[in-house]
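J.: Residue numbers (our numbering), protein chains in the order written: chain A, 1 to 586; chain B, 1 to 188.
Errors might be hidden in some of the hints.
[Said to hold, decoys possible] Under the rule of at most 30 Å between Cα atoms (straight-line distance), these lysine-lysine pairs were calculated in the BS3-like manner:
hint : chain 1 : residue 1 : chain 2 : residue 2
1    : A       : K313      : B       : K118
2    : A       : K134      : B       : K158
3    : B       : K158      : A       : K189
4    : A       : K301      : B       : K88
[Said to hold, decoys possible] Some chain B residues flagged as far from chain A (calculated, every beta-carbon gap over 12 Å):
hint : residue
5    : R44
6    : P81
7    : I83
8    : A122
9    : F136
10   : E173
Treat the hints as calculated values from the structure; they're not laboratory data.
All C-beta atoms, glycine included, are put in the ideal place defined by N, C-alpha and C.
Here is what each chain is made of, one letter per residue.
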Amino acid sequence: MTRQMTGAQMVVQALKDQGVDTVFGYPGGAVLPIYDEIFQQNDIRHFLVRHEQGAVHAAEGYARSTGKPGVVLVTSGPGATNAVTGITDALMDSIPLVVLTGQVPTFMIGNDAFQEADTVGITRPCTKHNWLVKETDRLSGVIHEAFHVATSGRPGPVLIDIPKDVQFASGAYTPPAKADLGHYQPRVKGDQAAIEALVALMETAKRPIFYTGGGVINSGPSASQLLRELVDATNFPVTSTLMGLGAYPASGKRWLGMLGMHGLYEANMAMHGCDLMINVGARFDDRITGRVDAFSPGSQKAHIDIDPSSINKVIHVDIPIIGDVGHVLEDLLRIWKARGRKTHKEGLKQWWADIDDWRRIRCLDFTPSKKTIKPQDALVRLEALTKDHPNRFITTEVGQHQMWAAQYLGFEDPNRWMTSGGLGTMGYGFPASIGVQVAHPDALVINVAGEASWLMNMQEMGTAAQYRLPVKQFILNNERLGMVRQWQELLHGERYSHSWSEALPDFVKLADAFGAKGILCTDPADLDDAIMEMLNHDGPVLFDCLVEKHENCFPMIPSGEPHNKMLLGENADTSSAIGNTGAVLV
Amino acid sequence: MNALKIKKGATSHSAYNLRSNFSDTQEQHTLAVVVDNEAGVLARVIGLFSGRGYNIESLTVAEIDHEGKRSRITVVTTGTPQIIEQIKSQLDRIVPVHEVHDLTVEGPSVERELALFKVAGAGEKRVEALRIAEIFRASVVDSTLESFVFELTGTPEKIDAFADLMRPLGLVEVARTGVAALSRGAGA
Numbered sequence: 001m002t003r004q005m006t007g008a009q010m011v012v013q014a015l016k017d018q019g020v021d022t023v024f025g026y027p028g029g030a031v032l033p034i035y036d037e038i039f040q041q042n043d044i045r046h047f048l049v050r051h052e053q054g055a056v057h058a059a060e061g062y063a064r065s066t067g068k069p070g071v072v073l074v075t076s077g078p079g080a081t082n083a084v085t086g087i088t089d090a091l092m093d094s095i096p097l098v099v100l101t102g103q104v105p106t107f108m109i110g111n112d113a114f115q116e117a118d119t120v121g122i123t124r125p126c127t128k129h130n131w132l133v134k135e136t137d138r139l140s141g142v143i144h145e146a147f148h149v150a151t152s153g154r155p156g157p158v159l160i161d162i163p164k165d166v167q168f169a170s171g172a173y174t175p176p177a178k179a180d181l182g183h184y185q186p187r188v189k190g191d192q193a194a195i196e197a198l199v200a201l202m203e204t205a206k207r208p209i210f211y212t213g214g215g216v217i218n219s220g221p222s223a224s225q226l227l228r229e230l231v232d233a234t235n236f237p238v239t240s241t242l243m244g245l246g247a248y249p250a251s252g253k254r255w256l257g258m259l260g261m262h263g264l265y266e267a268n269m270a271m272h273g274c275d276l277m278i279n280v281g282a283r284f285d286d287r288i289t290g291r292v293d294a295f296s297p298g299s300q301k302a303h304i305d306i307d308p309s310s311i312n313k314v315i316h317v318d319i320p321i322i323g324d325v326g327h328v329l330e331d332l333l334r335i336w337k338a339r340g341r342k343t344h345k346e347g348l349k350q351w352w353a354d355i356d357d358w359r360r361i362r363c364l365d366f367t368p369s370k371k372t373i374k375p376q377d378a379l380v381r382l383e384a385l386t387k388d389h390p391n392r393f394i395t396t397e398v399g400q401h402q403m404w405a406a407q408y409l410g411f412e413d414p415n416r417w418m419t420s421g422g423l424g425t426m427g428y429g430f431p432a433s434i435g436v437q438v439a440h441p442d443a444l445v446i447n448v449a450g451e452a453s454w455l456m457n458m459q460e461m462g463t464a465a466q467y468r469l470p471v472k473q474f475i476l477n478n479e480r481l482g483m484v485r486q487w488q489e490l491l492h493g494e495r496y497s498h499s500w501s502e503a504l505p506d507f508v509k510l511a512d513a514f515g516a517k518g519i520l521c522t523d524p525a526d527l528d529d530a531i532m533e534m535l536n537h538d539g540p541v542l543f544d545c546l547v548e549k550h551e552n553c554f555p556m557i558p559s560g561e562p563h564n565k566m567l568l569g570e571n572a573d574t575s576s577a578i579g580n581t582g583a584v585l586v
Numbered sequence: 001m002n003a004l005k006i007k008k009g010a011t012s013h014s015a016y017n018l019r020s021n022f023s024d025t026q027e028q029h030t031l032a033v034v035v036d037n038e039a040g041v042l043a044r045v046i047g048l049f050s051g052r053g054y055n056i057e058s059l060t061v062a063e064i065d066h067e068g069k070r071s072r073i074t075v076v077t078t079g080t081p082q083i084i085e086q087i088k089s090q091l092d093r094i095v096p097v098h099e100v101h102d103l104t105v106e107g108p109s110v111e112r113e114l115a116l117f118k119v120a121g122a123g124e125k126r127v128e129a130l131r132i133a134e135i136f137r138a139s140v141v142d143s144t145l146e147s148f149v150f151e152l153t154g155t156p157e158k159i160d161a162f163a164d165l166m167r168p169l170g171l172v173e174v175a176r177t178g179v180a181a182l183s184r185g186a187g188a
């Protein structure tokens with residue numbers, strides 16, 4: 001027998017039946033009936049943010065650190081439009097989210113009613129799918145289908161727009177087991193013939209490389225395990241995109257570090273010089289490829305991706321394998337073992353010797369200063385003092401600090417690193433750290449930030465304070481929009497157009513105003529003590545680390561250049577590189 | 001600052017790499033897309049084309065299965081072979097899309113378009129218009145003493161040809177449906 005209930009009750013029931021225990025949101029007129037139901041139950045915790053964008057980023061942090069979909073509840077009109085940046089961010093980085101928006105009553109839709117916006121129209125291009133539910137009877141089924149769509153195939157955000165009269169009206173509740181999930185069933189198993197063809201190439205490749213991405217993380221922890229087994233068994237080097245950090249441990253012997261525009265020299269040189277590139281769950285993003293017509297010119301390329309539209313979008317590949325990374329790696333490993341675990345040992349030996357030459361460049365070396373804190377130094381110290389923490393999570397904002405964090409912090413496990421890669425959303429990191437901390441109350445959650453990015457969602461200090469979330473905001477404060485400034489220095493004749501942070505707040509007083517702890521650090525000699533003070537404080541901390549104002553982030557592939565034309569920092573030892581590899585270091 | 005010597009070249013000033021596609025040959029393809037007939041589905045398909053910068057030469061859409069709530073969208077598009085492949089994969093990942101068929105590569109197909117032509121005139125021009133309409137097997141669906149409305153079905157090329165002939169004979173207005181297409185033979 002079907003249960004009758006109101007639409008608002010259905011929302012709460014359907015979320016419970018989907019195993020949801022946490023919702024990030026902000027109330028308003030068009031979602032009042034749902035908030036009334038949330039008030040009358042204790043199974044789902046609702047976290048009140050201070051801006052809807054914060055709710056979406058918090059849900060992203062929750063989703064990325066748990067592997068479960070994040071849930072957002074906001075009102076119509078401005079509630080929905082404020083969520084758009086976060087939703088787009090989740091789409092670009094393939095993060096599963098279910099966003100519930102209130103809508104004006106069905107009979108008022110199209111009348112320019114108060115707080116009306118065409119939410120499904122606005123979010124159509126920035127969601128994986130969205131629904132406007134006009135009948136209460138359909139509501140619970142749509143919610144179940146929404147969770148299915150958000151989490152299967154290439155994950156992504158979905159949105160359900162629920163008019164207020166649909167929330168008030170009664171209808172029949174459909175439990176998840178009886179819901180029609182539609183025909184959306186992406187293929188997860190890779191084509192066996194293609195996998196065998198890849199194994200055959202792996203057996204003879206002299207200069208192979210694994211190029212891994214966020215797809216490995218999204219495929220679940222077992223995919224990371226399989227990747228580790230495969231990398232270690234084959235002795236192939238492995239690099240990763242910004243999104244994929246942690247799938248292979250940073251302490252691993254075969255780890256080359258991140259690749260791409262600010263990737264490590266050895267990773268980019270290996271990508272350029274390889275003869276077999278195995279792309280595992282990455283998408284040849286333009287920050288990775290640089291100049292596409294000179295991208296890894298001598299290699300055969302295989303691409304494992306669950307999304308067929310990623311295949312041949314940017315780079316032509318020789319062996320496309322459409323499927324879930326975990327499933328494909330399992331088959332790949334099994335077939336490779338069954339065919340006798342063959343690799344080209346001689347070739348690999350020389351390949352590793354080449355890589356070791358590139359590593360000797362020490363592309364991340366910098367000169368620590370006794371007078372001012374170098375941002376790299378701050379991260380090196382942060383890493384030293386936190387890397388042994390049993391439960392550390394890092395989020396970032398967007399800019400130089402983000403790239404330095406990716407370069408200088410090491411990730412041993414997946415789901416430990418949350419950063420806005422595709423969309424590059426300044427203001428992502430702070431609310432994301434809140435979402436991570438909510439999911440992992442006892443963990444050490446640090447948001448590595450720049451002062452300009454951090455200010456974009458600083459209102460979430462209220463959220464951190466209200467829920468006593470001990471998130472550590474590690475702000476590398478150079479009083480500049482550092483990455484913009486860097487590009488202006490290198491490419492726009494040092495004309496620093498609007499790239500400085502004027503009228504900055506006193507971050508210590510700001511923390512104080514929210515009842516949080518503020519720490520100011522200006523002297524390299526105080527850095528360790530100050531970081532320890534941050535770590536030992538049980539509560540939210542704003543760490544204002546005043547760093548060198550004009551530091552540039554290297555290595556760097558200038559756009560329009562291939563991987564072997566990197567700019568290196570002053571400290572890199574380039575003498576051997578030019579001699580050994582013939583690389584042109586511009 | 002010795003590390004900062006960058007060529008002040010054209011490409012370096014963009015944050016993006018202005019890439020060329022793998023092949024420059026432009027091809028025209030006719031795609032048949034079977035979708036759930038639900039609110040917004042056409043907007044999803046059109047939004048994909050506009051959002052990603054693909055071309056639409058012609059587009060038709062109508063419900064084809066009332067019981068099963070299915071519509072068929074026929075899109076004629078142009079692009080390089082890689083872009084055509086992208087369009088198909090991108091269409092296929094829209095959740096309410098059930099099938100994407102590239103009729104141009106999946107074997108022989110028939111394409112038809114229906115058009116209405118209003119031609120006004122008198123005397124010899126009017127007689128000539130009617131004579132050409134007979135040659136094209138267009139039918140007269142409306143007539144006054146000064147005008148005809150012709151109905152013509154055929155390939156887009158046939159309709160183009162007819163329009164070219166009618167233009168000097170007093171063509172006032174044209175309405176075209178866009179292409180509907182099916183594969184030849186017994187299979188779906």
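J.: Check each numbered hint from earlier against the structure, then list the numbers of those it violates in ascending order.
T.: 1, 2, 3, 5, 6, 7
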